[in-house]
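Novice: Given these sequences and hints, build the entire structure.
The listed protein sequences correspond, in order, to chains L and R.
Residue numbering for the first sequence is 20 to 134, as defined by my numbering.
Residue numbering for the second sequence is 626 to 718, as defined by my numbering.
None of these hints come from the bench; they were simulated from the model.
As the structure is a computational prediction, the values presented were derived from the model and not from experiment.
Please note that the accuracy of each hint is not assured.
What the hints assert, rightly or not - One side only, chain R facing chain L, incomplete, derived with CB under 10 Å:
| # | residue |
| --- | --- |
| 1 | 627 |
| 2 | 630 |
| 3 | 631 |
| 4 | 645 |
| 5 | 648 |
| 6 | 662 |
| 7 | 677 |
| 8 | 683 |
| 9 | 685 |
| 10 | 693 |
| 11 | 700 |
What the hints assert, rightly or not - Among the chain R residues that face chain L by a calculated CB cut under 10 Å, a handful are:
| # | residue |
| --- | --- |
| 12 | 654 |
| 13 | 659 |
| 14 | 674 |
| 15 | 678 |
| 16 | 703 |
As the list claims (entries may be wrong) - Listed next, the stretches of chain R that the computed footprint assigns to chain L, with coverage defined by at least 3 CB atoms under 8 Å from CB atoms of chain L:
| # | region |
| --- | --- |
| 17 | 663-673 |
| 18 | 704-712 |
Just so you know, even glycine gets a beta-carbon here, dropped at the ideal spot from N, CA and C.
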Amino acid sequence: MTTATLPLWVTIPGTVLLVLAGLTTLIGSFGLLRLPDFFSRMHGPSMTNTVAAGATLVASMLVSSAIVGRPIIHELLITLFVSMSAPITAIMLLQAALYRNKARHSRDVPDGNSI
Amino acid sequence: MNAVFAYALWFAQACIAIAMLNGIVRLFIGPAAQDRILAFDSLYMNGMLMLLTLGISSMSTAYFDMALLIALFGFVGTVALAKFLLRGEVIEP
Numbered sequence: 020m021t022t023a024t025l026p027l028w029v030t031i032p033g034t035v036l037l038v039l040a041g042l043t044t045l046i047g048s049f050g051l052l053r054l055p056d057f058f059s060r061m062h063g064p065s066m067t068n069t070v071a072a073g074a075t076l077v078a079s080m081l082v083s084s085a086i087v088g089r090p091i092i093h094e095l096l097i098t099l100f101v102s103m104s105a106p107i108t109a110i111m112l113l114q115a116a117l118y119r120n121k122a123r124h125s126r127d128v129p130d131g132n133s134i
Numbered sequence: 626m627n628a629v630f631a632y633a634l635w636f637a638q639a640c641i642a643i644a645m646l647n648g649i650v651r652l653f654i655g656p657a658a659q660d661r662i663l664a665f666d667s668l669y670m671n672g673m674l675m676l677l678t679l680g681i682s683s684m685s686t687a688y689f690d691m692a693l694l695i696a697l698f699g700f701v702g703t704v705a706l707a708k709f710l711l712r713g714e715v716i717e718p
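Specialist: What follows is the structure, given as structure tokens:
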């Protein structure tokens, strides 16, 4: 069984969602690679964590529903887990980076007045 | 339309592969430890997306469990590494 046997209500939204997921993953990874400092680099992978993961999971949900023949919503588990765990990861990495930059007396620490 | 779907799947896999290469470059050149941890975080996320697209292209539902486990263990690993940078210990007495 290959993807050539999928019905049309899967392939049209699946194409749009997969192209969206690929483009956001690419843009986020180039942000991770090219942005100048750590606090701006953190914004790149969060695009992958939200938009690309959500789009890929919805496409996977559509395809597995078409395979089995009834609605499959197991992929919502991953969506829920990723959307809960990504902010925790971001906050802990941010705290670690702020602590390390302060301990080194680096000038790369945003002060509270500019936020 | 199904040929277009196969091309979109190929495009998404190619984009995720390039994203993993960018993450590996950042993992090696990252000036501080937190950059490397961020690159590791984005690597496991891209690996999870790659597994999901492989599951779509092979029309199999067996890849879902592996993607869930990768998300779980990647989160635990990133939190442990960030905690180590913050306090010097992972589990405090």
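Novice: Please check whether residue 678 of chain R passes as an interface residue: C-beta within 10 Å of a C-beta belonging to chain L.
Specialist: Cβ of residue 678 of chain R sits 7 Å from chain L, so the hint holds.
Novice: Would you settle whether the hint for residue 645 of chain R is holds or violated, based on the nearest Cβ-Cβ distance to chain L being less than 10 Å?
Specialist: Where the cut-off is 10 Å and the nearest Cβ of chain L is about 8 Å from residue 645 of chain R, the hint holds.
Novice: Holds or violated: is there a CB of chain L closer than 10 Å to the CB of residue 703 of chain R?
Specialist: Status holds, d = 5 Å.
Novice: Okay, the region 704-712 of chain R and chain L, do three or more residues pass the C-beta test at under 8 Å?
Specialist: holds (count 5)
Novice: How about residue 662 of chain R: closest beta carbon in chain L under 10 Å, or not?
Specialist: holds, 6 Å
Novice: Can we keep the residue 674 of chain R interface hint, with Cβ of chain L closer than 10 Å?
Specialist: holds, 5 Å
Novice: A closest beta-carbon separation below 10 Å is what the hint needs, so does residue 648 of chain R meet it against chain L?
Specialist: Interface hint status for residue 648 of chain R: holds (6 Å vs cutoff 10 Å).
Novice: Report holds or violated for chain L covering the region 663-673 of chain R, Cβ cut-off 8 Å, minimum 3 residues.
Specialist: Since three or more residues must qualify, the claim that chain L covers the region 663-673 of chain R holds, with 7 doing so at under 8 Å.
Novice: Would you check whether residue 630 of chain R satisfies its interface hint, that is, whether its CB is within less than 10 Å of any CB in chain L?
Specialist: Hint on residue 630 of chain R: holds, closest Cβ of chain L at ~4 Å, below 10 Å.
Novice: Next item in the hint list is residue 627 of chain R. Is there a CB on chain L closer than 10 Å to its CB?
Specialist: holds, 5 Å
Novice: Tell me if the interface restraint on residue 631 of chain R is satisfied: Cβ within less than 10 Å of some Cβ in chain L.
Specialist: At 6 Å from the nearest chain L Cβ, residue 631 of chain R passes the 10 Å test, so the hint holds.
Novice: At a threshold of 10 Å, is the proposed contact between residue 700 of chain R and chain L supported by beta-carbon distances?
Specialist: With a closest approach of 4 Å, the residue 700 of chain R hint holds.
No hint from the list above goes unmet by this structure.
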